[in-house]
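Take the given structure of chain A and dock chain B to it, following the hints.
Each chain is listed here by its residues.
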Amino acid sequence: MIFNNKSLIILFVLIIPFLTYTQNEYTLSGHIIDSENGETLIGSNIYIVESKKGTSSNSYGFFSIDLNRGLNTVLCSYIGYKADTAYINITSDSIYNFQLIPINNIIEEVILSSEESTVKSVQSSVINLPIKQLKNIPALLGEKDVLKSIQLLPGVQSGSEGTSGFYVRGGGPDQNLILLDGVNIYHASHLLGFFSVFNDDAIKNIKLTKGGFPARYGGRLSSILEIDMKDGNMKDWQAEGGIGIISGKMTIQGPIKKDTTSIIISVRRTWLDLLIKPIVEELENRIDFDGNGNYYFYDFNLKINHILSDYNRVYFSFYTGKDSFFGSLENEDDESNLEDSDGLLYNRTLNTKTEFGLIWQNITAAIRWNHIINPKIFTNTTITYSRYNFDNRIATNSEIINNYANQDQEIILGESDYLYRSGIEDIGIKIDGDYNLNTKHNIKFGLSYIKHNFFPGYMDFYSDYSWYQADTTITFSDNIKPDNAFIYIEDTYKINNQTTANIGMHYGLFYVNKKLYPSLQPRISIRYLINENSSLKLSYAKMQQNIHLLTNSSFGLPNDMWVPATDNVRPQQSKQFVLGYNRQLYDKKYKLSIEYYNKELEDLITFSEGTNILGTNFTAWEEKIETDGIGKSRGLELFLEKKTGKATGWIGYTLSKSTRQFDAINLGNEYTYKFDRRHDLSIVCSYKIRKGLNFNLTWVYGSGNAITLPQAQYLLVMDNEFEQFFDYGEKNGFRLPAYHRLDIGCVMSKTKKWGERTWSMSIYNLYNRKNPFFIYLDTEIENGNEVRRAKQISLFPIMPSIRYSFKFK
Amino acid sequence: MTKKIFIYLLLIITYNSCETTLDIDLPNTEPKIVINSYMISEEYWDARTQFLTVSHSIGGLGAIQEYTYTDDVPVINTATAMIKEISLDNSILAEYPLIFHDNCYCYSNPELTPKENTIYELNVSAEGYPNISATEIMPFKPNYTISNFIMLNELDDTLSQELCEFHITIDDVENQNNYYKLKIYTVNTFQNKKRACEYKTQDPIFLIPINRYNSENNYYEGQHGYFTDELFEGSSRSIFIQAKKPEGDFDHFYIEVTSYSENLYQFNSTRKEQVKDANNILFNSEAIFMHSNINQGYGIFGGRAVTRKAYIPTYFPTNGWMDY
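Chains as they are written, first to last, in our numbering: chain A, 19 to 827; chain B, 88 to 411.
Looking at chain B on its own, in the form it has when it is part of the complex:
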């Protein structure tokens, strides 16, 4: 009996001593400005697809109420923001002060239309935080053609089924690392409805860590696959694509190829990993370190360029294809 009590006591002690709240003395990191800003080559700053939001960081164990809010949105509305357009030989071509707008809770300047292959420098200051700066080189708009296109089913058939297959040939800009993403959308113009299509490709340029692909069968299947020019730097690459139509009836679809700056690609890559890792409360996987090009701050000031080609069956005289 004594032995039983002894064992029981031991178990109770063990059981109750398992967990304690730890007073962690994390390094005292001062709050910094957080930038979330995207630019698109050759498109005007619409405060919707191109924008700049300014917020700040809090401590690693901070509570959500420690953020500065504008209305109920965690952004700073009193910052001073400026984007400078700089030529490749470092001379300032133009300056665009950005103004805060309540409708998007972001800073914008509609006069700014980022140019391809041009440097932009962002400077933001806000009281109580270190000033930040960031530079970005805007990528070229991707150049591609569609060939061997076969339409497999009707767009207005509501079933989810094979849509089409085609070759897309990308002409890569030489002497620089280029990062791309391919998307296909079906659109119902009258219902103002747009759906992303799933597509499949076995081209190895899609088999990179940022994409979740099937390593067993070596193909990528998804709605937004990234690829890089690592295997065709400075040359053309023809990629075979098989696309599926989502449920619903549509009147046309378009192909969207986006080229990313290296900063934005790395940021997206690490961001996806950190989001995937968000439930890792036990730290049983290695931490993800987010890429950022913001000096003295966090976030991203990233550039991309988009080229779209739509297929509208009724469109004449280009056999259904048009720039979009």
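The following block holds chain A by itself, in its conformation from the complex:
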């Protein structure tokens, strides 16, 4: 009841502006676009010189700002572009589109930046990563990777060596909402997590929000990663691509109708088929299995952007990516001198061919409609589709040839087909509105509905042998089709020149198995401007997540299982408090951000002790989990960034502690979270030697992951024999060795008659640090005695790589 009263107060605060508002200004609105290709520019700044008011463009490059009647000087700026000034004599609500001219290579001097001044923005814990910056960071095997770049930011850490899974402020891997053009991507990695599914050539912008969530965000507890695809060049046809050690990619974009309709198509395909073979052979040797295994993945992106009018624009985006691990087994068995039921002698030859495959695939699609109702109200309506599925297929064809002594021959054919499938499918609609009420209030509102379909596991088995026929489907866990809806409203309220607040309310409904989970999630962020160069920020956000990911691995196994909250398993929840200090130093060349966060998680789930992930899909998942878990995470993040000059880069440091507690795990005692990382340090540096030549360096250091190892062993008499048992002490009580690595690289670009070519060379793990991927215990015989040894698997030694990229004019 107290909560409801609070909600009413907040709603009242939100409604007050509507009641008291009277118009005394006119509104200028429009889009900000790149003059060369027509791409909308997200987060560009608009500043009115006379009134000293400012705003920034939204995710679709749209802005709306109130001007005083008469002549106004409007400045429009965006990093990497020449600022534009417009003198606008305003006498009524007007539209004006800015077309900014890019400045060549300027981005090389600007490493990482949020376009709206971090000091002045209300939101805390937000980082924008320009895609061009990504291209300067040295990468494993030369594959530029969005998610691995995110891992270099404070408060974000990697899981295992080389993998693209990320953990934000002590949260789990499932607590990050990854949106590609507004559509949820459930499995964002290829090749067991070593590469993310995002092709950097098709991406325009990356924005990570790890705390201080405004009300428009929901569905995950720890972070929102928004990845926007390029819209496609509205002016000219353009092609670019690249060839690296493990993959090649190609992007074509251009106007179907100039300045009206554009298309972009981007494909990436690995040729890991060759590179992965020794690793597969090694794995096959370990399990004594000769399967001629092979592997590939690909990504395909498509986006069509059409301007219907000044007030209407539609987008269609499509993505599909697939991993396929496949192989075949052939076997021939001969048996001689067999006797059939009539006493006839014969020889038998049995030929079998088995083809197997593990396939996992994402498909997403979105249709978006931007509509400007009036200069003050912008709406976006999105219809989304997202699907992730994991298939395991084993198909066998057999041929039995019986050669009788009397020269008769009998051939018996048979076949079987086994398919295991699990996955998730969503269809949804979302409407977002942006209402620039007046200079003090900017209102955002919206609603969303998603129909989920979880199919956590079923098996199809077909068999046609002379001795056995079957055609059956076994469902290990029933399909669950919950409904997920939310509405939100938020107001960015400029209280005075120093203080601005973002106050909002997010109300969600999750309906599953005839059980309704409502949730009221208040959000508030306050920024206090100490002076032009420094500010204090405070935020509180309550979040609810209605789905869980069942995994006990640190790498992206494709059979990690997404499961919904059910009548037995409640949605997980979090409360996060953030206190931040932001400052610009030395003529704004440096930016310093210090944030303290405290996050409490409730209703977490995890696998029960002893549950083996490799066998989990074959049983009902609800029988294998522990519920009602509690998580605590707190930490201090420091982010020092240099944005201009020849040397640019940042230092990110995080000091944190993260724990979990389940009644049935670790004897009910609180334990260290597997991915608790006490110290996490990233140094990213780029030095511009001359135009077109950059030297880049990245050094990362992190405390080792927490793992559980036996601290003692003992023998007990069981059934007249001694059996060995282990004492694990504290769960996750042991730390793997610290992780650290130095990567260097250089990027050489040169303009040619036909366009631009770029060589990117890098060395991953320069000093060949053997970082642990995982460890296991092995027993060896030494001098006649059994000795137990811990062995570490390290995946990536020093690894040079080279990549050639091209861009046609």
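Any given hint could be a false lead.
Distance windows between CB atoms, simulated [as the list claims (entries may be wrong)]:
hint	chain 1	residue 1	chain 2	residue 2	range
1	A	353	B	236	44 to 52 Å
2	B	327	A	595	54 to 62 Å
3	B	236	A	567	47 to 55 Å
4	A	738	B	245	22 to 30 Å
5	A	804	B	202	22 to 30 Å
6	A	646	B	277	52 to 60 Å
7	A	567	B	299	22 to 30 Å
8	B	289	A	640	17 to 25 Å
9	B	152	A	681	37 to 45 Å
10	A	469	B	222	27 to 35 Å
11	B	289	A	435	27 to 35 Å
12	B	258	A	681	24 to 32 Å
13	A	534	B	237	25 to 33 Å
Which bits of chain A does chain B cover? Going by a derived footprint, with three or more residues having C-beta under 8 Å, they are [what the hints assert, rightly or not]:
hint	region
14	556-563
15	805-814
Note that these hints are calculated values from the structure, not bench results. Note that CB positions come from ideal geometry on N, CA and C, so glycine has one too.
Relative to the frame of chain A, chain B by itself:
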């Protein structure tokens, strides 16, 4: 060609750098006394079904030769062990020093007959190890009756086939958590042969994690199913059982219901999980934490109570049934 060599070199480096032996600096855990001791209510300490063995732990990466051995058996024979019988109001009723015996490599005292619902405290000391202590409350002997009994086949028919079906009604002791296990044995007295029978039940009290049951069809089928009184605390529960006879000829069979102390049940539960998980060399499943009631040590000092009822077809006058 250069590119080929480059790729090849890369592969070789990757391949050879995969695995290294790790010098793990595990926390320095001192060796502790390990107790393996079972008591049975109202049965004398026979050094066979009731016993106490004392050994010690070694480091997590220790080698098997680091154990202390007596002859070739990894037990300590020089420990001092004492069991005290304590009333529920904490007064010591009796003390039983335990003596090491070479024939069982265990400690025993034949004068000790554990009593139902009585507390026993174990104290063990051995040179070089911290002293341990443990307390255990002995469970009541389970009280049950058999009804609707139907014999389906002959005991002396050597085939493996349906044996019988019956209802077993358990009377649960109220105001405490009770843990049970049901077993059925066929016996050939002359050949001194005993075999456990498989049985099947659909009663949900058997559908608990410690039993491996068929979740698809919701029944338990096995030779030794555990169940708890969670669904019938303090009352009676009638359970329908269908039993199978193992191969061989037998002259009688008996039903054995064991009640476990909470410590022993939890210990067995976690022990089974850890054994099941023993081949988990890659740590791809979550570790199992063994339950123990040994202070400053490892293992179990556990109590159970057993009630058996035999069916001997020729037995008169109880229609074949007798206490066993």
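The hints, checked one at a time:
1. A/353 x B/236: 44 to 52 Å: At 50 Å between Cβs, range holds.
2. B/327 x A/595: 54 to 62 Å: holds (56 Å)
3. B/236 x A/567: 47 to 55 Å: holds (51 Å)
4. A/738 x B/245: 22 to 30 Å: holds (27 Å)
5. A/804 x B/202: 22 to 30 Å: violated (44 Å)
6. A/646 x B/277: 52 to 60 Å: holds (56 Å)
7. A/567 x B/299: 22 to 30 Å: holds (27 Å)
8. B/289 x A/640: 17 to 25 Å: With Cβ atoms ~20 Å apart, the hint holds.
9. B/152 x A/681: 37 to 45 Å: The hinted range 37 to 45 Å holds for residue 152 of chain B and residue 681 of chain A, with Cβ atoms some 39 Å apart.
10. A/469 x B/222: 27 to 35 Å: violated (56 Å)
11. B/289 x A/435: 27 to 35 Å: holds (33 Å)
12. B/258 x A/681: 24 to 32 Å: holds (30 Å)
13. A/534 x B/237: 25 to 33 Å: violated (49 Å)
14. 556-563: Coverage by chain B is violated for the region 556-563 of chain A (0 residues, Cβ < 8 Å).
15. 805-814: holds (count 10)
Of the numbered hints stated above, those contradicted by the structure are hints 5, 10, 13, 14, listed in ascending order.
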